[in-house]
Amino acid sequence: MEKLIEQFSLGLFFWQLVLFVGLLLLLRKFAWKPILNAVEKREEGIQNALDAAEAAKKEMQNVTADSEKLLKEARAERDALLKEAREIKESIISEAKEQANAEGDKIIKQAQAAIESEKKAAVAEIKAQVANLSLEIAEKVIKEELSNKDKQLKLVDDMLGDIKLN
Amino acid sequence: MFFIAGIVSAQSHEAEEVKTGAHDLKTEIKEYIDHHLLDSHDFNLYSYTTDEGEHKYVGFPLPVILWDNGLKVFSSSKLKHGEGVAEVDGNYYTLYHNKIYKTDAEGTIEFEGHLNEETHVEDAFGENLVVEDAHPSNVKPLDFSITKNVVFIALVGLLMFLMFRSVASNYKKSNLPKGVGRVLEPLVVFVRDEIAVPNIGEHKYKKYMSYLLTVFFFVWIINLLGLTPLGVNVTNNIAVTFALALITYFITTFSGNKNYWKHIFWMPGVPVPMKIILAPIELLGTFIKPFSLMIRLYANITAGHVVLMSIIGLMFIFKNWIGSPLSFALAFALSLLELLVAALQAYIFTMLSALYFGMAVEEDHH
Chain V
972 MEKLIEQFSL GLFFWQLVLF VGLLLLLRKF AWKPILNAVE KREEGIQNAL
1022 DAAEAAKKEM QNVTADSEKL LKEARAERDA LLKEAREIKE SIISEAKEQA
1072 NAEGDKIIKQ AQAAIESEKK AAVAEIKAQV ANLSLEIAEK VIKEELSNKD
1122 KQLKLVDDML GDIKLN
Chain C
13 MFFIAGIVSA QSHEAEEVKT GAHDLKTEIK EYIDHHLLDS HDFNLYSYTT
63 DEGEHKYVGF PLPVILWDNG LKVFSSSKLK HGEGVAEVDG NYYTLYHNKI
113 YKTDAEGTIE FEGHLNEETH VEDAFGENLV VEDAHPSNVK PLDFSITKNV
163 VFIALVGLLM FLMFRSVASN YKKSNLPKGV GRVLEPLVVF VRDEIAVPNI
213 GEHKYKKYMS YLLTVFFFVW IINLLGLTPL GVNVTNNIAV TFALALITYF
263 ITTFSGNKNY WKHIFWMPGV PVPMKIILAP IELLGTFIKP FSLMIRLYAN
313 ITAGHVVLMS IIGLMFIFKN WIGSPLSFAL AFALSLLELL VAALQAYIFT
363 MLSALYFGMA VEEDHH
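Protein sequence lines, in the order shown, are assigned to chains V and C.
Sequential numbering of the first sequence, starting at 972, is according to this note's numbering.
Sequential numbering of the second sequence, starting at 13, is according to this note's numbering.
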C-alpha cells in the first residue's frame, strides 16, 4: 500500500482525468449519440417492418377467410335458389295438373249437361211433333169419321194400331 | 509473438552484460520488470548497453512540465534518463526511480532512512539497489509532465475519436454499419443491451451510456495495446485507475436519488439500533465500491504483466535447452490469457460501474 502511494503520480492522474473527460465529451457529441440514435432508429424501423408484415399476414388471413365465407354463402344461396326453383317448378306442375283436371271435369260436366239438355229438348220436340201428328191424325180421322161411320171407326182402329207400334 | 520477441531482444543485451558483468541476474530481471511497469518521462521503445558499458536508448524525449514556484517546461532529453541534471532557470532537477527531484548542480540525491552498503547513490538510474526503507529527502516538485503514459492515453483517445466518429458519420449515409463499424456496432449494442439496460433499467440507462461506452472501449483498447511490443502499460498505474474509479464515484454520488441515500443513512426494514450501525458501514461502502474498481483493474493488469515478464525472464535464468521452449510456450499461453483479461477487465469495470449507477437510481420497491 505504501509502495502504491509512493508510486502514485499526480501528473498522470491529472492528465488521465483531463484527457478522459475530454474524450468522453467529444465522443458523446460526435460518436455515441449519433451511433446510438442510428441504431435505435434502425431497430425501430425493423420492429415497425416486422409489425407491418405481421399485420399484413393477418389481413391476408382475414381476406382469405372472407372470400371463403363469401364463396360458402354464394354456394348456399345457389343451393337455396335451386331448391326453391325446383319447388316452384313442382308446385307449378301440380297446380297445372289440378287446374287441368278441374277444367276437364268442368268441360265434361258442361258437355254432359248440354247433352242432357239437348236430349230433353229433342225428346220434348218429338213429343210435341207426336202430339201434332196425333192431332192431325185425329183431325183427319174425325173428318173421315164424320163422312163414313164405318170407315171412321176403321181408321181409328188402324191409327191406334200404328200408335201402338210406335 | 512480436511482444515476446521485442522483450527478448531488449533483454538479451542485458543478459549479455550480465554474463560479463558483476550483477545478480535475478535482481537485474526484477529491476527490468519493475522498470517496465513504471511510467517514464521518455518514449523509449527499448534500451541496450553497448560494449563500452554505455546505456543507449531508442525513442524520443517528451516535454517535462513542473510546478516549482512557477511553471518549468523543458525536454526530458536534458535529464538523460536519470544520468544527467537538467538546469532550468537556475534550478536543478534530476530523475531518480522515475521521479523528478530538485537537486544541486551535481545532482546529489540525499537519503533518509536506512541504506545498506549496496546502495549506489551517485548513479541514480539502472544499477541502483536501494533498500526499500530509504527515501530521497530532496524536494519533489509537482510533476505534470507529458510522460509516456500520458502520450499513450492521448493517442488512444485520438484513435477512439477517429474510429467512432467515422462509424457515426457512416450512419448519415446509410442505415447499415460499414467497415470498422461492423465490428464496433455489435460491441456498442452489447454494452447497451448486456451491461447498461439490465443493470440500470430501461428508462434511465441512456444518461450513462456515454460514460459506459467510453470507459469500456478506453480500458479495453489500452489494455490490448499494453500487450503489444510497444509495451506501454497504462492501466497498471494506480493513478489512471484511480481517475476512472473517481469518475464512477462522482457519477454514482451525483445521480443518487432519495431512495439511494435512504438506504445508506437510514436503512429501511431493520430495527433502529441496526440502522445506526449500518449507516457508517453503508457510507463506507460507497467509497469501497469504486475503490475496489480501482484496485481490481490495477492489480489484474499489473499481475498479468509481472507474471508474463517473469516467465520470459526464466529463459535467462535457466539458460538450457529445456528452459527457453518452456518459457516460450508458457509466455505464449499467458499472452493469450492476457488478451482475454484485457477484455474481461474492461467488461467488469463497465459492468460494475453500471451496477453502481443502477443502485443509485433504483426506485423504492418496498
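None of these hints come from the bench; they were simulated from the model.
Warning: the hint list may mix true and false statements.
[To be verified] Cut-off 16 Å, straight-line C-alpha distance, at most; resulting in silico cross-link-like pairs (EDC-like, lysine to aspartate or glutamate):
#, chain 1, residue 1, chain 2, residue 2
1, V, 1004, C, 376
2, C, 219, V, 1087
3, C, 218, V, 1011
4, C, 111, C, 101
5, C, 184, V, 1011
6, V, 1077, V, 1087
7, V, 1012, C, 197
8, C, 111, V, 1048
9, C, 152, V, 977
10, C, 274, C, 197
11, C, 92, C, 63
12, V, 1114, V, 1129
Just so it is clear, the structure is predicted and the values come from calculations on it, not from any experiment.
How the hints compare with the structure:
Distance check on the hinted pair: residue 1004 of chain V and residue 376 of chain C sit about 30 Å apart at the alpha-carbon level, beyond 16 Å; violated. Simply put, residue 219 of chain C and residue 1087 of chain V have alpha-carbon atoms about 121 Å apart, too far for the 16 Å limit, and the pair is violated. Under the criterion of a C-alpha separation no larger than 16 Å, the hint pairing residue 218 of chain C with residue 1011 of chain V is consistent with the structure, at around 12 Å. At roughly 20 Å between alpha-carbon atoms, residue 111 of chain C and residue 101 of chain C are farther apart than 16 Å, so this suggested pair is violated.
For the hint linking residue 184 of chain C to residue 1011 of chain V, the alpha-carbon distance of about 14 Å falls within 16 Å, and the restraint holds. With a CA separation close to 15 Å, the supplied pair residue 1077 of chain V and residue 1087 of chain V stays within the 16 Å bound. Simply put, residue 1012 of chain V and residue 197 of chain C have alpha-carbon atoms about 14 Å apart, close enough for the 16 Å limit, and the pair holds. For the hint linking residue 111 of chain C to residue 1048 of chain V, the alpha-carbon distance of about 102 Å lies beyond 16 Å, and the restraint is violated.
Of the pairs offered as hints, the one joining residue 152 of chain C and residue 977 of chain V holds, with about 12 Å between alpha carbons and a cut-off of 16 Å not exceeded. In summary, the hint linking residue 274 of chain C to residue 197 of chain C is not supported, as the alpha carbons are separated by about 38 Å, beyond the 16 Å threshold. Only pairs whose Cα atoms come within 16 Å are accepted, and residue 92 of chain C paired with residue 63 of chain C is rejected, the gap being roughly 19 Å. Annotation: proposed proximity of residue 1114 of chain V to residue 1129 of chain V holds, straight-line Cα distance about 15 Å (limit 16 Å).
Hint check: violations occur at hints 1, 2, 4, 8, 10, 11; the rest are consistent with the structure.
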